[in-house]
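Novice: With chain B held as given, fit chain W onto it using these hints.
Taken in sequence, the protein lines are chains B and W.
Just so we're aligned, residue 0 is where the first sequence starts under numbering that gives the first Met the number 0, counting upward by one.
Just so we're aligned, residue 0 is where the second sequence starts under numbering that gives the first Met the number 0, counting upward by one.
Because the hints were derived from the structure by calculation, they are not lab data.
There may be inaccurate statements among the hints.
Same chains, same names: a pair is fine if it fits in one copy or spans any two.
Straight-line Cα separation of at most 20 Å, EDC-like style, residue types lysine to aspartate or glutamate; simulated pairs [to be verified]: (1) Lys204 / Asp350; (2) Lys204 / Asp352; (3) Lys125 / Glu323; (4) Lys265 / Asp283.
Number of protein chains: 2
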Amino acid sequence: MTSSSENLNNPSDITMPSISTKNAISLPPVQYDAPKTEDYYYMNLAIEEAKKGLFTTRPNPAVGCIIVKNNLIIGSGFHPKAGEPHAEVFALRSAVQSVEGSTAYVTLEPCSHTGKTPPCAVALIKSGVARVVIAGLDPNPKVAGRGVDLLLSAGIKVCVGVCQDQAEQLNLGFLKAMRCQMPYVRLKVATSLDGRTAMASGESKWITGPAAREDVQRLRALSGAIITGSQTIIEDNPSLNVRSEQLGVEVGQIPQPKVVILDRRKRLSGVKGIEQSYQVLHNDKAIIYTEDDLSVLLHRLKVDYDIYDVLIEAGSKVSGSFIEAGLVDELIVYQAPCILGHSAQPMITLDIDNLSSQRRFTLKECQRVGTDLRLNFIAQ
Amino acid sequence: MTSSSENLNNPSDITMPSISTKNAISLPPVQYDAPKTEDYYYMNLAIEEAKKGLFTTRPNPAVGCIIVKNNLIIGSGFHPKAGEPHAEVFALRSAVQSVEGSTAYVTLEPCSHTGKTPPCAVALIKSGVARVVIAGLDPNPKVAGRGVDLLLSAGIKVCVGVCQDQAEQLNLGFLKAMRCQMPYVRLKVATSLDGRTAMASGESKWITGPAAREDVQRLRALSGAIITGSQTIIEDNPSLNVRSEQLGVEVGQIPQPKVVILDRRKRLSGVKGIEQSYQVLHNDKAIIYTEDDLSVLLHRLKVDYDIYDVLIEAGSKVSGSFIEAGLVDELIVYQAPCILGHSAQPMITLDIDNLSSQRRFTLKECQRVGTDLRLNFIAQ
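Next comes chain B alone, as it looks inside the complex (with noise of 0.2 Å):
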């Protein structure tokens, strides 16, 4: 455990970026080719490739790519793992004939620079590829439209746009991580259908079933941080940790991810052998966090620890704290099909006084798990 690490507790001289959704990439749409009713039939297997990484790629995104000559899929891959070779060059690589001539689909714009890897544009362009079709450009200032302008300048046709939507719901961390210095933070809460979340006696052991915790697990898998506050650890210790083996990857593979512990009143943090009473504090990589600014928290772990998904798992205080502040993106809702009564405790503590100033959210999502439903809310 890394206890009050100084980086994070002290945020005199931050500077908070100024938050913005929108892409800030001009696209210059006439030099692009137009699309075709075919490449969303293969931008739709891209992305499926993609998906294959969603788990495993962290921080980097997970991108997918298929490649096509005359209507036959003649390679596929996906981005495993930061460090390893990107999805194109996996493709390139899985080809069962020449590429000469053929289309290359890419869920994220290729990369043009050189990191760990040599970049993707360079390979796709050396494989003699005719045609690129990407989903959407890579705002990472990195690459933000050169990969594009690699290819096209070795005069390779590039189409720009197909089911970006669709691909960019693959890396929603990673794109406002790179927009907007900011990761991209989800609120996790299990409730009854009359919003308790727990007995007036702190009795909460299950309200949803095993499915649903199961898909808490994806959450969890899917974040480079959990933020939860020093109640729940005290109350719950619980393990907050990727266990699932129904993943459909090893555990092994996918990275832990981070704990944040809000403890603002330090009752745990200095508190002299401490580790040894709960679980999360046997981890190293966990992080007590004794300040106010929750927003300076969020960009200090995107800045310092390349984390872009934040998973919120925490108490009804803390929760509210991230909605009062505005810091969540997506809230989402383990609805039990119960009613635990007007006595049992509040699902969110927010004080509103009157119905204008409510919190309000767009349903994304409505999906049964299990007897419960996960009802996924973007934040309005």
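Specialist: For chain W alone, coordinates are given in the frame of chain B:
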């Protein structure tokens, strides 16, 4: 207004029926014709016919009929209103060629008794149909298999049970009332995501959007009675009537639901001139119920008024009482995508101490209604 109906408020000598949701009719399957693949297709069309009468047939069930000969639909009809001919008669009348040798699809067992109209089983026999396919038997003790018996003894092939579940959904109230002498009870609440129905101040207009409020008109149009509390009348002065022009039927064709006001503390009953103050009290079919026992009330609504579908639109206390008494068949939650916070008013007032005493439901349907969700739950 029938102030404090003698009948309803004097429950002394009422024996409550034992409630069973089982169909008491035992089927002798050997006599029945086996269903054919096309039967499901045509029965679905008959169900669509039945739906046309959904808001207007009360207290009669909604029934549809299709007549098919040589794979051609030659007639169709539905029961529009109590006192008017049944679906089978309209279908036979509409036939564009001789029905001799045809198959009739009916969503409920044809009646065998002479009520306001002659028995439909006899009409079918006289018409010369060769086969009758029925979704489900009629639990009405006046029919209860006798319609089928008549058909069988006339040498007509009879197939029972095709799309029975779907057909029963049309007449949950009628079927429950015939089987249990109790109406089918729907409890409707409009709530925020965190289970709040009003601000602490009482402000509650509006939590859900116009589409959800329009959808409630559908619920009212399905109901023989709406039950509310005197508190709701005093605070909100609602009209509790059906007034929508979007139900696919003229409002004048829809029997207005009776309004029943629970008023144990006699805040409305016997107060001179109070009819002037509140909209629902202008309605001479409104009833004020000052007794305690809610199950007696429901039973009397069935027995004395032929009310088979009851909708509860009330505050959290009345709603909580019905849930506590186990009298709710279906809970309908209009859930707005907003957070109102912990100081707002609870959805259900119900004192539950521990998780094992929670009230459980099963999700039946989940539907977007404008920006809100409608969740239909069946009580466990």
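Novice: All hints, please: hold or fail.
Specialist: Checked hints:
1. Lys204 / Asp350: between (26 Å within a copy, 19 Å between copies)
2. Lys204 / Asp352: Intra 31 Å, inter 14 Å, cutoff 20 Å: inter-copy only.
3. Lys125 / Glu323: neither (52 Å within a copy, 72 Å between copies)
4. Lys265 / Asp283: The answer is within: 18 Å in one copy meets 20 Å, while 66 Å across copies does not.
Of the numbered hints stated above, the single one contradicted by the structure is hint 3.
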